[in-house]
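Visitor: Given the sequences, and given the hints that come with them, work out the whole structure.
Going by this note's numbering, the sequence shown opens with residue 35, and the numbers climb by one from there.
Heads up, a few of these hints could be off.
What the hints assert, rightly or not - With a Cα cut of at most 20 Å, we get these calculated DMTMM-like pairs of lysine to aspartate or glutamate: (1) K144 - E116; (2) K152 - E121; (3) K309 - E64; (4) K152 - E198; (5) K221 - E198; (6) K92 - E121; (7) K89 - D61.
For the record, the hints were derived by calculation from the structure and aren't laboratory data.
Values in this document were obtained by computation on a predicted structure and should not be read as measured data.
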Amino acid sequence: MIYRLLALNVDGTILQSNGRLHKSTRDAIEYVQQKGIYVTLVTSRSFPSAKKVAKALKIHSLLVTHLGAYISHDLRSDPVFEKRIPEDMTFQLVRFLESFPCQIRLVHEKFSLANKYKLNHNLLAKTVFTSGDPIFYSQQFTDSISDTLVNDPISLPKIEVYFEYEKDLADAQQAINGMFSEVSVSKLNEYRLDIMPEGVSKLNGLIQLGEHLGIPLKEMVAIGDSRDDIDMIEACGLGVAMGNATPEVKKAADWVTRSNNQHGVSYMVKEHFRKQQPIEFLRKMNIIKM
Numbered sequence: 035m036i037y038r039l040l041a042l043n044v045d046g047t048i049l050q051s052n053g054r055l056h057k058s059t060r061d062a063i064e065y066v067q068q069k070g071i072y073v074t075l076v077t078s079r080s081f082p083s084a085k086k087v088a089k090a091l092k093i094h095s096l097l098v099t100h101l102g103a104y105i106s107h108d109l110r111s112d113p114v115f116e117k118r119i120p121e122d123m124t125f126q127l128v129r130f131l132e133s134f135p136c137q138i139r140l141v142h143e144k145f146s147l148a149n150k151y152k153l154n155h156n157l158l159a160k161t162v163f164t165s166g167d168p169i170f171y172s173q174q175f176t177d178s179i180s181d182t183l184v185n186d187p188i189s190l191p192k193i194e195v196y197f198e199y200e201k202d203l204a205d206a207q208q209a210i211n212g213m214f215s216e217v218s219v220s221k222l223n224e225y226r227l228d229i230m231p232e233g234v235s236k237l238n239g240l241i242q243l244g245e246h247l248g249i250p251l252k253e254m255v256a257i258g259d260s261r262d263d264i265d266m267i268e269a270c271g272l273g274v275a276m277g278n279a280t281p282e283v284k285k286a287a288d289w290v291t292r293s294n295n296q297h298g299v300s301y302m303v304k305e306h307f308r309k310q311q312p313i314e315f316l317r318k319m320n321i322i323k324m
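Guide: Take a look at the structure:
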């Protein structure tokens with residue numbers, strides 16, 4: 035099989051545990067791009083955060099961000115795809131979530147708005163927030179998000195919720211699934227929920243990108259490590275799990291590479307792409323048509 039697109043998760047995949055990029059990862063991505071492979075990031079991060087990572091990797095492609103709800107190359111141009119939680123639904127969700135001890139983050143592509151709740155456990159401390167230069171991406175905090183939304187309603191691609199207690203997350207997830215059919219909920223770990231417009235996922239975002247580029251899923255390679263990567267790992271022509279992925283992610287994959295701290299992306303690239311001829315050469319030989 036000839037692969038024309040490489041889709042990469044960010045945290046736990048191309049980034050090491052310390053949040054840094056290793057030179058071998060940069061070199062591997064440069065190598066596949068020189069072969070004509072379209073490289074993109076598929077991430078739960080906001081667009082500015084993903085764009086900052088892409089810039090460090092010299093990736094100039096369309097990026098699938100906000101768990102697939104926002105696909106773009108640049109904030110100055112119209113997105114290729116976007117799906118948003120309506121203003122009234124955002125307000126209702128926030129009012130409901132404010133009854134729990136949690137931090138709520140409204141993640142817009144141009145800014146984030148969060149309440150000032152400080153978690154007692156260290157989940158946020160472990161989370162790598164590299165949302166870009168504050169000059170370009172405003173991160174605002176308020177005592178009451180719902181009060182702010184009364185005067186300034188927001189329609190946005192994603193809401194992140196960081197809970198103090200696991201039971202509260204389970205209760206909130208069950209209630210949201212029962213009350214709000216217009217959104218879907220993704221549990222990232224025991225304390226974090228991401229809320230998106232119904233139908234949004236990394237896989238559906240990748241499908242949208244593929245349709246825009248004319249590249250089918252069977253000609254894509256997807257690499258990830260978390261629960262929200264499973265669908266795209268299963269659906270793509272080659273699904274790869276990182277060595278640091280959970281057992282359920284590894285079970286869904288066609289191939290398991292090394293961990294993010296052992297440069298798993300560069301190892302996978304060397305194993306699978308070194309034998310593939312450059313895309314331009316394959317076009318000239320009429321092996322591929324596009």
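Visitor: Now tell me, hint by hint, if it's right for this structure.
Guide: Tested hints:
| no. | hint | result |
| --- | --- | --- |
| 1 | K144 - E116 | holds, 13 Å |
| 2 | K152 - E121 | violated, 26 Å |
| 3 | K309 - E64 | holds, 16 Å |
| 4 | K152 - E198 | holds, 9 Å |
| 5 | K221 - E198 | holds, 14 Å |
| 6 | K92 - E121 | violated, 35 Å |
| 7 | K89 - D61 | holds, 14 Å |
Of the numbered hints listed earlier, those contradicted by the structure are 2 and 6.
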